[in-house]
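**Q** Just so you know, the protein sequences line up as chains H and W, in that order. Just so we're aligned: 286 in this note's numbering is position 85 of the first sequence, and the numbers increase by one with no gaps anywhere. Just so we're aligned: 388 in this note's numbering is position 187 of the second sequence, and the numbers increase by one with no gaps anywhere.
There may be inaccurate statements among the hints.
Put simply, identical chains are the same to the list, so a pair is met inside one copy or across any two.
Claimed, not checked - Below, a list of computed lysine to aspartate or glutamate pairs in the DMTMM-like style, where the Cα atoms sit at most 25 angstroms apart:
(1) K242 / D280
(2) K253 / D228
(3) K253 / E311
(4) K253 / E225
Hints are computed from structural coordinates only; laboratory data are not their basis.
Number of protein chains: 2
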Amino acid sequence: MNVVNESPRRKELTRLAAQLFVQEGFDRTTVRMLAHEMGIKSGSLFHHFRDKQEILAAVIEEGTQNALTIARRALGRCDTTPEARLHAMARAHLETLLTDRNAHVVALYEWRRLDPEARDHLSHLRDAYEALWEEVIDEALDAGLIHGDRFLVSRFVMGALNWTVRWYDPEGPRTPEELARELIAMLTSPVTLPSSASTMV
Amino acid sequence: MNVVNESPRRKELTRLAAQLFVQEGFDRTTVRMLAHEMGIKSGSLFHHFRDKQEILAAVIEEGTQNALTIARRALGRCDTTPEARLHAMARAHLETLLTDRNAHVVALYEWRRLDPEARDHLSHLRDAYEALWEEVIDEALDAGLIHGDRFLVSRFVMGALNWTVRWYDPEGPRTPEELARELIAMLTSPVTLPSSASTMV
DNA sequence: AGGTCAACCAAGCAAGCGCTAGTGTAAACC
DNA sequence: GGTTTACACTAGCGCTTGCTTGGTTGACCT
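Use the sequences and the hints to build the structure in full.
**A** Okay, here's the thing in structure tokens:
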């Protein structure tokens, strides 16, 4: 039982587990199903992970880590105006749905299945991500780009964005870029957006 | 096995089941746990429900039915202006979280555990509720109260509202009335809201 | 050639699962 | 007064669950 390392094999197994967790839900996914999907027997699975819980934690950690990386990179390379930063964050958020959708769905839906230790560890990661959002929203509020109660606005925005995993179709006509623009347009008053694309196909 | 009737006993059992499903999740909630919570033995449970699935369906049906009733009543007694109707819907939505929170959390999180027949039946109920929302949003769009793509706006709004089950505290300082006002204020441009309460405690 | 080690397997244990069968009982009905 | 009905019980069947145990394999190092 090596358990803790970050072998490439383990990463691949984590990716497969995320897919199954989304299809079936964590509780309905048996270790036998996981092993089968990975092309090994159920006993061998416990060579890579201490227990089923650890697989769940690995899936969520991977996804959140990636989201954090992508968001930071997006903020690093965009303009410094509040509107550009807001847009960059929204777009980055939606782009992770393209690349790491399974992991994010698991993080949103199966969070409560984590045991207390794992939840504690991972909530720090998630808090770091949400802190990025609140920073950007604060800037937009200060600049008068959007208006309202700080706490409520960030909750509403996070809700609108996180809800996208339930309906957004990456194969569909809308790009993350377009979705992000539309969300920002909805939040900001029309006069501050000279190039509003209010009707799109 | 009477199974299908709508006895008051069954309603009470459904309410208790909703609570357990929220605490533990549907899959982790055993029929023995349900029976214990209801003060009976596990065998007796199947006198009231055909199987575990039917309990889940009953919980979700009850919650959605109530939401629909409350929303319709709210629309029936408010002003006919688009803004008033938008506000009434948002407030009604948040008020059901006070009265039927458990059922709604179950509906949002355990929907996929329903078998195909139940899902088909209940999706009609849910569609009826969402149709109310889209109607009200359409009116607001036509009146120029909010702006943007019809499909996206309604998804974003539903997301912001449904996400409230994850953070809204009925014991906290904010009333559903205040939350609804703040959401509408965020969506509509500030010039169209003469009495804007942008900073509240 | 001998040793190390990650990766895998076969077999199975103890516990728990949803659900059924058959029975008891008190109130309601004809 | 006999029958029906609603509701509860006991006992347990057949199956699946997460996880353990003890052992094998083959690539790599010295």
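**Q** Run every hint past the structure and note whether it holds.
**A** Results for each hint:
Taking CA atoms no more than 25 angstroms apart as the test, K242 paired with D280 passes in neither setting, with 51 angstroms inside one copy and 64 angstroms between copies. In the homo-oligomer, the alpha carbons of K253 and D228 lie at most 25 angstroms apart both inside one protomer (10 angstroms) and across protomers (15 angstroms), since each shortest distance falls under that limit. Taking identical chains as interchangeable, the C-alpha atoms of K253 and E311 lie at most 25 angstroms apart whether they share a chain (13 angstroms) or sit on different chains (21 angstroms). Both within a single protomer and between protomers do K253 and E225 lie at most 25 angstroms apart by alpha-carbon distance, with minima of 15 angstroms and 17 angstroms respectively.
Comparing the model with each earlier hint shows a violation of hint 1 alone; every other hint is respected.
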